[in-house]
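Student: Spelled out from the first residue to the last, the chains are:
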Amino acid sequence: MTTAITLPEGAPEEVVTVAKVRDIDLAPFGYKGTLALITLDNGHDHNRPNTLGPQSLASLDAAITEALSHNPSAIAVTGKPFIFAAGADLSALSFLNDRAQALAIGKLGHDIFRRLDESNVPTFAFINGLALGGGLEIGLHCNYRTLSATAFTGLPEVFLGLVPGWGGATILPKLIGPEKAVQVIMLNALNNNTMLKAKDALGLGVVDAVFEPADFLEKSVAFAAAILSGATKIERKDYSSDPAWDSALATGKAAAHKKFGGADLAAPRTALELIAAAKSNTRGAGFDAEDQALADLTMSDPLRASLYAFNLIQKKKKKVEGAPKSNLARKVNKVGVVGAGLMASQLALLLVRNLKCPVVMTDIDQERADKGVAWVKAELQKLVEKKRMSAEAASRLAGLVSGSADKSIYAGCDFVIEAIFEELSLKQELFKSLEAIVSPECVLATNTSSLSVEKMSIGMKNPERVVGFHFFNPVAVMPLLEIARTSHTDDATTATAVEVGKNLKKTMIICKDAPGFVVNRLLTRFMGEITDAVDEGTDPAVADNAMRSIGFPMSPFELLGLVGPGVALHVAETLHENLGPRYRISPTMQAMVKEGVKTFYVKGDDGTVSANPAALALIHKGSTPSTAEEVSERALRALAEEARMMLDEGVVKTPAEIDLCMLMGAGWPMHLGGILPYLDRIGLSEKVSGQRFHAPGIASVLK
Amino acid sequence: MSQISPRTVVLVDAVRTPFGKAGSSFNGTRADDLMVRVIRGLLERNPNLPINQIDDVSIAAATQTGDQGMNIGRSAALLAGIPNSVPGYSIDRWCAGALTATTTIAGGIAMGALDIGLAGGVEHMGNHPMGELMDPNPRYLAERIVDTDALSMGATAERLHDRFPTLTKERADRFALNSQLKTAKAYEEGKIQRDLIPTAARSAELGWTIVSADEGPRPTTTMEGLAGLKTPFRAAGRVTAGNSSGLNDGATIALLASEEKANELGLTIKAKMVTFAFAGVEPEVMGYGPVPSTIKALSKAGLDIRDIGAFEINEAFAVQVLAFLEHFGIADDDPRVNPYGGAIAVGHPLASSGVRLMINLARTFEADPSIRYGITTMCIGLGMGGTVIWENPHFTGGKK
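Respectively, the protein sequence lines represent chains Z and C.
Each residue of the first sequence is one higher than the one before, counting from 1 in UniProt numbering.
Each residue of the second sequence is one higher than the one before, counting from 1 in UniProt numbering.
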């Protein structure tokens, strides 16, 4: 028997998933005997999925004991409506401050789940709904698995900085072989936590049968009866001498390297080690190794930062920090986009797809306006061809988009966003001219990345309806939206902007109108240190690779290639002008823009990436090179400095908002917690400003 | 326009959920889910049926709100995965809902408007207690259109005892006991289970299970036990929980087709419809309804009661069955009547019961090819009866 685990003080009270046992007569299904069915149910609806904390595990343990005491022909586990189990109760993990506790939780899971495999009767998981992580692992310990046709399943642990450590990393490779196990445990998890659809789970062999949800339980019980009677047989393969182990593990390793810009992170590395060991170890040995791995990871700062980041993203998706009451938001039934270039067209597409209201675009002449509209319609058609939208829906949306050279079409708009050339005077002029066309309540939004929104509203009759509405490229993909308030922007305007952002399914932060808002201000400062180092004489390769081991998704120059030197330089110039000389203007960058050199790296025909000789030739090379360590230190120090200044200035109110921005706007990784937990972790925050951004224990192990 | 000649309507197959006691097994299960389950069970049993060839789906419920609302015929069909192209409707004649769904679909088949139809019923009396949302017009009582007893089914049963004093409580109890014993025997022999579709049921407190048997039967019933039960409908009454059907949750479904279509598709034929009739009586003695409806149906069919070799009569109340038997001079324990027991034992989820009678009759036909004709009949609240006369396709020409 297992021992109870007491969670440390401060941990949220566990929402206990209770396991209940009922006996089912198998006679109507053609088998003489009973099946003891264990239902997992935390007593809430599907919005609060079953999770597995210590008390939940104890309940399952007791249920297995009870089920066995009924002397059934088989035991099965199923979930509550729509949910099997969404995995371990992660809320408690962040509060563990003793490795022994972490080890005990891992072991507790194993000790209980393995009873399902070691029972003297066949065991089944009837996975009726969502089964993630520990939820799927319950199923993997069972001898057989059925899955509802509409349920999703997967092992997201590596995505979160953990490993499938309740048996998944050991059992799955043995069950479905190394290639498919690497697919599920590594590739899917690293690919933005892709879950398996039922047909994929069946195809990979993760489950043995898929049944439609309408009579899933009945069909699953019939399946169990057929297994018991021998009418149905499931062949299991021994993969221990499969030739694909090495190549599969190499694929997994390559995926992790790609995801984290070449860094070797503990979670993916450990997961691969556990998978590799499954080739020849016993289940028990694998479980022991998983226990140790889980304990090590749980007691590591990267995991705590990752959990912090995950929770932050989940929470802020729903609730925007500092947002005015949503009932202040005005209805948006017609939207204007000023400009019909690529950015404006992308905005028009995003707006029409999500708001499903008329979207009007203008440009300097009808031809350009038509081009923008045509682009939107062509994109809608592509979605139809990819079967991601019905022809009907596309036709509805296409009919909502129109363009003109005449700004009077903005009459009646409730929300107009401009995406014209980044020049303040142009934008000021535009907003004034729009005021003459639209109602005083119409929100005028700007997608500027670094200009002052406040200045744009100078001289306007109703400056309170002007707001920054800053997307990240590509606008349809990047989840962040920075909403910038000027000193005039009123609550109704902000609430309306937030409502529009919600409809666009964006994660938002509301910041003060300050140069570069949050993401560009930090990224530009960060990049400036790298270009400075190069300008001073540091080998670009040394500068660019200085932070590889940290695990950013791309190096500074890879990012520069994506943004384009022109945009980067423009932002740097604006910030230099507004924030001071710590934002330097790199002569190398100026040269690149002048000469039209767009990247530091070029891709060869064979796909290999090498330094771009055209870029190297333009480097303004000084005589004071830095070491990689020095480059890394100064770049990260710059981040710490700038973040502290932003908090002091009140650009945003909380460090969490800065982290959210870097996670969602820059794609910075969860194991850094965005960025500030990492700066705390390496001691730079305190070095720079004498204080941490987050208290110890938030996004870190309390030591 | 060419004249369409009437076509023979056949019962291809029929199934039902086990009947639960209201507030028990199916307490956490929706009525439409019960309906969906039997539809899927029926389709699975009849793989020769191309589902897109179903011409209509007719589903009855006595209370058509909530999980029995939203046009349950259409809704259950969609939820069961029947293609969008197959239409559906809801229908209501209180207890005779499924019986009326059957006769309505049959009418369409007979005149050639339909080839294949589904007819069934559902009642979740736990979710929809009798009388739910009922709003009787005050004129009923003000103008004495009905007596106060008419809206309480138990009271109408007492009124039958009043009207026919020879139908004693003792006879009603004995009939009820026999129903229990016949059902127990049928269960022992596996004769009920073969047409039950095991149905998942969830209880928030207990978790999931599969219900695969009726919950109502009390095989240990005794005359002494029955004698001691309370008479809830009036002091010193005769109607008890023991000699009445219970409050139940359940769903039934039948597959009907033209004989021609059934043969073309290779579907089974379990019974052929001869004719049907509905008739009205005073609402206060609604239990008497099957008498005039049967007389009417026999007359239409040109048959005599002596031609009928098998009776499936719904046991809403024992006294109402006895009134029918007494009228036609059939013994209380005649073996032709409800050989597998009836609603007193297995339960009566109002609108679903009509098809349950057909399930049993089809089994009787199958078991005894010497029987040529059988009837399914039931009483209906507010004073009606419905009767369907069926012919045994297995009839070999022996006795009637």
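Be careful, since some hints might not be right.
[Stated by the list, open to error] If the Cβ cut is set under 10 Å, some of the chain Z residues that face chain C in the computed set are:
(1) 21
(2) 23
(3) 81
(4) 218
(5) 422
(6) 611
Rather than coming from a laboratory, the hints here were simulated on the basis of the structure.
Think of the CB as a built atom: it goes at the ideal place given N, C-alpha and C, for glycine as much as any other residue.
Student: Hint by hint, say whether it matches the structure.
Tutor: Status of the hints after comparison with the structure:
no.	hint	in the structure
1	21	holds, 7 Å
2	23	holds, 8 Å
3	81	holds, 7 Å
4	218	holds, 6 Å
5	422	violated, 51 Å
6	611	violated, 59 Å
Hints 5 and 6, counting from the list given before, are not met by this structure.
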